[in-house]
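I would like the entire structure built from these sequences, with the hints used as guidance.
Protein chains in written order, with UniProt numbering: chain X, 1 to 216; chain U, 1 to 254.
Relax, there's no trap hidden among the hints.
Here are the simulated DMTMM-like pairs of lysine to aspartate or glutamate, each with C-alpha atoms no more than 20 Å apart in a straight line: (1) U:LYS115 with U:GLU130; (2) X:LYS114 with U:GLU63; (3) U:LYS168 with X:GLU118; (4) U:LYS193 with U:GLU213; (5) U:LYS90 with X:GLU129; (6) U:LYS118 with X:GLU129.
Read the hints as simulated data drawn from the structure, not as lab findings.
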Amino acid sequence: MLNFTLWDILSNLLLAARWTVLLSLIAFVSGGIAGLLLLVARVSPVPPLRIAAKLFIEVFQGTPLLMQLFIVFFALPLIGIETTAWTSAALALTLFTAAYLAEIWRGCVEAVPKGQWEASASLALNFGEQMRHVILPQALRIAVPPTVGFSVQVVKGTAVTSIIGFVEVTKAGTMITNATFQPFLVYGLVGLIYFALCYPLSLSAKALERKLNVAR
Amino acid sequence: MSPVKTSPTGRPLVKLSAIRKSFGPVEVLKGVDMAVEEGQVVAMIGRSGSGKSTLLRSINGLERIDGGVIEVDGECVDPGQIDLRALRQKVGMVFQQFNLFPHLTAGENVMLALKVVKKQDKAATRAAAESALAKVGLGHKFDAYPSQLSGGQQQRVAIARSLAMAPKVLLCDEITSALDPELVAEVLGVVRKLAEEGMTLILVTHEMRFAREVCDRLVFMHGGRIAEQGPPAELFDRPSTPELAQFIGMVEAR
Chain X
1 MLNFTLWDIL SNLLLAARWT VLLSLIAFVS GGIAGLLLLV ARVSPVPPLR
51 IAAKLFIEVF QGTPLLMQLF IVFFALPLIG IETTAWTSAA LALTLFTAAY
101 LAEIWRGCVE AVPKGQWEAS ASLALNFGEQ MRHVILPQAL RIAVPPTVGF
151 SVQVVKGTAV TSIIGFVEVT KAGTMITNAT FQPFLVYGLV GLIYFALCYP
201 LSLSAKALER KLNVAR
Chain U
1 MSPVKTSPTG RPLVKLSAIR KSFGPVEVLK GVDMAVEEGQ VVAMIGRSGS
51 GKSTLLRSIN GLERIDGGVI EVDGECVDPG QIDLRALRQK VGMVFQQFNL
101 FPHLTAGENV MLALKVVKKQ DKAATRAAAE SALAKVGLGH KFDAYPSQLS
151 GGQQQRVAIA RSLAMAPKVL LCDEITSALD PELVAEVLGV VRKLAEEGMT
201 LILVTHEMRF AREVCDRLVF MHGGRIAEQG PPAELFDRPS TPELAQFIGM
251 VEAR
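Following this line, the structure appears as structure tokens:
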């Protein structure tokens, strides 16, 4: 039987953690962009856009991420769209992130006083101009802490993609456990890696929140 | 704008016909007709809930009316009100709560719509903003943020912000009600100056003395209708409805 040193295990986990980080980044950036579009639709004065955005958000908040992943991975090929573990994972996490960020940001937009909408409307700004120049700059300030806080959920969410065979740090942990029969050690290390990724994010979210409260 | 007081021209600049508006089951405007001529200064008074603020806010489409027609210098607002952009460039509005944009300096507050809506170039925008701020006596506060200004100064910036757009008519919705008493005069001073320069003004106000001194016409609203209107002295001295008599009594007892 082969012997594995601690370093063998850890180095392989760290190599796999790169994919966790990369997938998190992709999900967060593309989810952020999609979330912004979704937010604009959600608060727009056009009822069909508002309803469509609301429906999208409700569906993605009301179903498990795992289901979303299965649907993207298994259902898209049925309608002729070829998927890989990579694209499915990225797509599902992007949609999931977009739905949550849009809803978080909607709260921030609604925290901007109504008078700001009225004053900018009275100056003949249209909806897009109001959002860009008046509402979003103010909403952004409030949005930073909860947004950074949510990024922790995205990092942890990537673990689910191991189910469809995407080799990130959790999947790597499973594979290494199958070879080493040391689940406690391996999953312990996996947990530590997640913690090392998430804890700085949580800390910075808290720091940003404090900074914002002082600035007021 | 000419510095000489121009007298009303007789041309209706703002024309309201049969304006109706309900909030749910409550009808707050029950068919209001009103015309304001160019250069006129009109104050709307009445108890809270009489519909005066709602009427004012409907003139630039902040409240969607349920019936009637609003016409401002040829631009119409009807219950459909799809595109308000043209209308809103002719109608300025100042609010009780100032509503300055807190993330922008005084100068940027004034310049925003000039840049975004009127698409003026940088130099013209800057010049217009400087002259608008100078007009309200705040030329030196161009780079101050709203949080660094007093309530009275903020309200004057808000007036400058509206004026810079060169509106045909300025709507003022209780613009001194949120101010500390010692700051009221500086804001009313600016409004008085505008009135003297011939700006068309429609004000909702509780400042009865100011209304009496500055306005050409007083409109007393009661129960969603115009109960009485005319020259201020006439209305104050010889109210013809018991509602107005009672209202004046209440205000003066304060």
